Amino acid sequence: MNDFYIISFNSTHHAIRAEKLLVEAGLSVMTLPTPREIAASCGLSIKFEFNDIEVINSIMKDNSIERRGIYHIFKKESKREAIKIQD
Amino acid sequence: MSVKVDAKGLACPMPVIKTKKALESIVEGTVEVVVDNNVPKENILKFAKSIDCKAEVLKNKEGEIVISIEKVKNNKVSIPDEDITCDTFDNNIGDEVIAIMSDKMGNGNDELGGVLIKGFLFALTESNPLPKAILFLNGGVELTTKNEATVEHVKKLEELGVEILSCGTCLDYYGLKEELKVGSITNMYTIVENMKSSSKLITIG
Chain A
1 MNDFYIISFN STHHAIRAEK LLVEAGLSVM TLPTPREIAA SCGLSIKFEF
51 NDIEVINSIM KDNSIERRGI YHIFKKESKR EAIKIQD
Chain B
88 MSVKVDAKGL ACPMPVIKTK KALESIVEGT VEVVVDNNVP KENILKFAKS
138 IDCKAEVLKN KEGEIVISIE KVKNNKVSIP DEDITCDTFD NNIGDEVIAI
188 MSDKMGNGND ELGGVLIKGF LFALTESNPL PKAILFLNGG VELTTKNEAT
238 VEHVKKLEEL GVEILSCGTC LDYYGLKEEL KVGSITNMYT IVENMKSSSK
288 LITIG
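Order-wise, the sequence lines are chains A and B.
All residue numbers for the first sequence refer to our numbering, where the first residue is 1 and numbers rise by one.
All residue numbers for the second sequence refer to our numbering, where the first residue is 88 and numbers rise by one.
A hint or two may mislead.
Below, a sample of chain B positions facing chain A; criterion: calculated Cβ distance under 7 Å [what the hints assert, rightly or not]: (1) A98; (2) F209; (3) A210.
Taking lysine-lysine pairs in the PhoX-like style, the calculated list, with each CA pair at most 25 Å apart, reads [said to hold, decoys possible]: (4) A:K75 / B:K133; (5) A:K47 / B:K233; (6) A:K47 / B:K136; (7) B:K91 / A:K47; (8) B:K268 / A:K20; (9) B:K146 / B:K233; (10) B:K242 / A:K75; (11) A:K76 / B:K233; (12) B:K108 / B:K146; (13) B:K233 / A:K75; (14) B:K108 / A:K75; (15) A:K20 / B:K242; (16) B:K233 / A:K20; (17) B:K243 / A:K20; (18) B:K243 / A:K76.
Since the hints were derived computationally from the structure, they do not count as laboratory data.
These figures come from a predicted structure and were not determined experimentally.
Here a beta-carbon is modelled for each residue, glycine too, at the ideal position from N, C-alpha and C.
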């Protein structure tokens with residue numbers, strides 16, 4: 001778990017709804033607590049396969065799901081970092 | 088075409104290098120590697136993933152772990168030996184025991200409770216030290232049987248050396264005995280012993 005992409009949410013409800021929609025669409029996703037590198041609050045994020053990013057964006061847009069953003073999480077010099085790659 | 092590799096007793100990265108050599112020797116087919124502990128196992132699985140080969144753990148016993156890797160024609164295995172790295176997975180195992188009494192975390196909304204327990208088990212996989220054992224009781228046995236997302240996290244914990252025990256009476260009551268996906272079945276005596284011998288018992292219900 002040292003290099004992956006996640007969608008981070010401000011709202012738990014939006015995260016739960018997004019997970020349902022993405023699972024229904026047959027995508028391989030995993031809900032996890034938002035990594036500390038992104039936010040200290042107790043939020044939810046969804047880990048996804050980077051190749052699915054376009055499908056995910058369109059599903060989220062069609063269903064008006066709000067998100068904090070899409071982040072790339074990776075390890076740099078044995079420390080985990082997060083970079084926002086999309087709003 | 089099938090090739091067998093015995094990598095027991097070898098230190099990393101030798102098992103990975105031997106696996107790579109075996110994969111290079113065939114155009115397509117399977118390579119079966121035998122290793123004796125989790126460190127080479129995890130590293131071989133990681134290597135297989137990095138070259139897009141399907142890998143499966145056929146046998147997972149202490150001292151004898153068998154991994155089967157499938158190579159198809161267009162898999163490229165040409166990675167220089169010196170680029171093969173090994174993780175040591177040096178997670179420490181503490182002596183805490185966690186007892187999970189329900190398939191939800193806390194009382195309130197059930198949907199939220201399901202999301203929380205999933206997040207809890209995931210966060211646990213990243214914790215250090217890891218608990219010595221996790222006990223699943225009553226509705227908690229859903230998490231080692233029917234709930235695919237939590238089964239995945241619990242499998243990861245088992246790979247890292249955490250003992251996973253599901254209550255047999257509970258599995259039987261819910262008709263889930265045949266559906267156990269991770270860990271082993273235990274009885275109340277073992278559960279009591281585990282609880283009493285732990286330095287700290289964390290109960291999640």
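Now for the hints, and whether the structure bears them out:
1. A98: At about 22 Å, which exceeds the 7 Å cut-off, the nearest Cβ of chain A leaves the hint on A98 (chain B) violated.
2. F209: Holds - the Cβ of F209 (chain B) comes within 7 Å of chain A, reaching about 5 Å at its closest.
3. A210: Since chain A brings a Cβ to about 6 Å from A210 (chain B), closer than 7 Å, the hint holds.
4. A:K75 / B:K133: 16 Å, holds
5. A:K47 / B:K233: Judged against 25 Å, a Cα distance of about 21 Å means the pair holds.
6. A:K47 / B:K136: The hint holds at about 18 Å.
7. B:K91 / A:K47: 36 Å, violated
8. B:K268 / A:K20: Distance of about 23 Å is within 25 Å: holds.
9. B:K146 / B:K233: OK: K146 (chain B) and K233 (chain B) at ~22 Å, within 25 Å.
10. B:K242 / A:K75: Holds, at about 23 Å.
11. A:K76 / B:K233: The given pair, whose Cα atoms are some 37 Å apart, is violated under the 25 Å limit.
12. B:K108 / B:K146: 22 Å, holds
13. B:K233 / A:K75: Judged against 25 Å, a Cα distance of about 33 Å means the pair is violated.
14. B:K108 / A:K75: Status violated; Cα separation ~29 Å.
15. A:K20 / B:K242: 23 Å, holds
16. B:K233 / A:K20: 17 Å, holds
17. B:K243 / A:K20: 23 Å, holds
18. B:K243 / A:K76: 23 Å, holds
Hint violations for this structure: numbers 1, 7, 11, 13, 14, all remaining hints satisfied.
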